[in-house]
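Fit chain B to the supplied structure of chain A, relying on the hints for placement.
Chain by chain, the residues:
2 protein chains.
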Amino acid sequence: MFEIDAIEIIGFIAAFLTTSAFVPQVYKTWKTKNVEAISLTMYLVMFTGVFLWLLYGIYMNSLSMLIANIITSSLILVLILLKIKYSKKE
Amino acid sequence: MFEIDAIEIIGFIAAFLTTSAFVPQVYKTWKTKNVEAISLTMYLVMFTGVFLWLLYGIYMNSLSMLIANIITSSLILVLILLKIKYSKKE
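Just so you know, the protein sequences line up as chains A and B, in that order. For reference, each letter of the first sequence is one residue, going 27 to 116 in the working numbering. For reference, each letter of the second sequence is one residue, going 27 to 116 in the working numbering.
Bound-form chain A, shown alone:
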């Protein structure tokens, strides 16, 4: 189903870079528990968008899009759950 060729390598590098960009935000929020600056609406919109990219990537037989969007949607989900958890306590 999925094939790895030269263009897929570009996809994997792209996936690594755009996914990595999310990690510091997740780490910072996890550590500080400061969710004030996080917009729940923005992340819900982004989660829906990334989930649709995931469906799109599966249809396009794109392994890099599949992996990138599974990791990115998981990271966004963590941020959404942290936001909900720590907003309740205010």
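In short, the hints are calculated from the structure, not lab data. Just so you know, even glycine gets a beta-carbon here, dropped at the ideal spot from N, CA and C. Worth double-checking, as some hints may not be accurate.
Claimed, not checked - Under the rule of at most 27 Å between Cα atoms (straight-line distance), these lysine-lysine pairs were calculated in the DSS-like manner:
#, chain 1, residue 1, chain 2, residue 2
1, A, Lys-111, A, Lys-59
2, A, Lys-109, B, Lys-57
3, B, Lys-109, B, Lys-59
4, B, Lys-111, B, Lys-57
5, B, Lys-54, A, Lys-59
6, A, Lys-57, A, Lys-111
7, A, Lys-111, B, Lys-54
8, B, Lys-109, B, Lys-54
9, B, Lys-57, B, Lys-109
10, B, Lys-111, A, Lys-59
11, B, Lys-54, A, Lys-57
12, B, Lys-111, A, Lys-109
13, B, Lys-109, A, Lys-54
14, B, Lys-111, B, Lys-59
15, A, Lys-57, A, Lys-109
16, A, Lys-54, A, Lys-109
17, B, Lys-59, A, Lys-54
18, A, Lys-109, A, Lys-59
19, A, Lys-57, B, Lys-109
20, B, Lys-54, B, Lys-111
21, A, Lys-111, A, Lys-54
22, A, Lys-59, B, Lys-109
23, A, Lys-111, B, Lys-57
24, B, Lys-111, A, Lys-54
25, B, Lys-59, A, Lys-109
To be verified - A partial selection of chain A residues facing chain B, derived with a Cβ cut-off under 8 Å:
#, residue
26, Ile-36
27, Ile-39
28, Ala-40
29, Thr-44
30, Met-86
31, Leu-89
32, Tyr-112
33, Ser-113
Just chain B, lined up with the frame of chain A:
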């Protein structure tokens, strides 16, 4: 070269959602000129990643990836330029 079918509609919705999520950040930074919380490294990494997704989308004949990544990379470029411009004045 590019074809629009049912899966491309999902791509366009995904493109609209993930691109929209960036707009409030650009608007806020543009208005407030407050670039303190913006990580230049993060946005440079993200810009490179999105640029590679753009190349990938062109290769995959994906019109939704082409449009999404042109708009997203432009928005990230605006944030990078604002960061450089207003950091100098501090």
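- prompt: Quick one, are Lys-111 of chain B and Lys-109 of chain A close enough, alpha carbons at most 27 Å?
  reply: violated, 32 Å
field: Straight-line alpha-carbon gap Lys-54 of chain B to Lys-57 of chain A, limit 27 Å
entry: Between Lys-54 of chain B and Lys-57 of chain A the Cα gap is close to 25 Å, so the pair holds against 27 Å.
- prompt: Can the hint on Thr-44 of chain A be confirmed by a CB-to-CB distance to chain B that is less than 8 Å?
  reply: holds, 4 Å
task: Answer holds if the nearest beta-carbon of chain B is closer than 8 Å to that of Ile-39 of chain A; otherwise answer violated.
output: holds, 6 Å
- prompt: Between Lys-57 of chain A and Lys-109 of chain A, does the CA-CA distance stay at or below 27 Å?
  reply: holds, 13 Å
- prompt: If you take the shortest Cβ to Cβ gap from Leu-89 of chain A to chain B, is it below 8 Å?
  reply: violated, 12 Å
- prompt: Are the Cα positions of Lys-111 of chain B and Lys-59 of chain B separated by 27 Å at most?
  reply: holds, 9 Å
- prompt: Keeping to a limit of 27 Å between CA atoms, is the pair of Lys-109 of chain A and Lys-59 of chain A held or broken?
  reply: holds, 8 Å
- prompt: Quick one, is the Ser-113 of chain A hint okay against chain B at 8 Å, beta carbons?
  reply: With a closest approach of 18 Å, the Ser-113 of chain A hint is violated.
- request: Sort out whether Lys-109 of chain A lies within 27 Å of Lys-59 of chain B, counting only the CA atoms.
  value: holds, 26 Å
query: Do the alpha carbons of Lys-111 of chain B and Lys-57 of chain B lie within 27 Å of each other, as the hint requires?
result: The hint holds at about 14 Å.
message: Please check whether Met-86 of chain A passes as an interface residue: C-beta within 8 Å of a C-beta belonging to chain B.
response: holds, 6 Å
Of the hints listed earlier, those the structure fails to meet are numbers 10, 12, 23, 31, 32, 33, in rising order.
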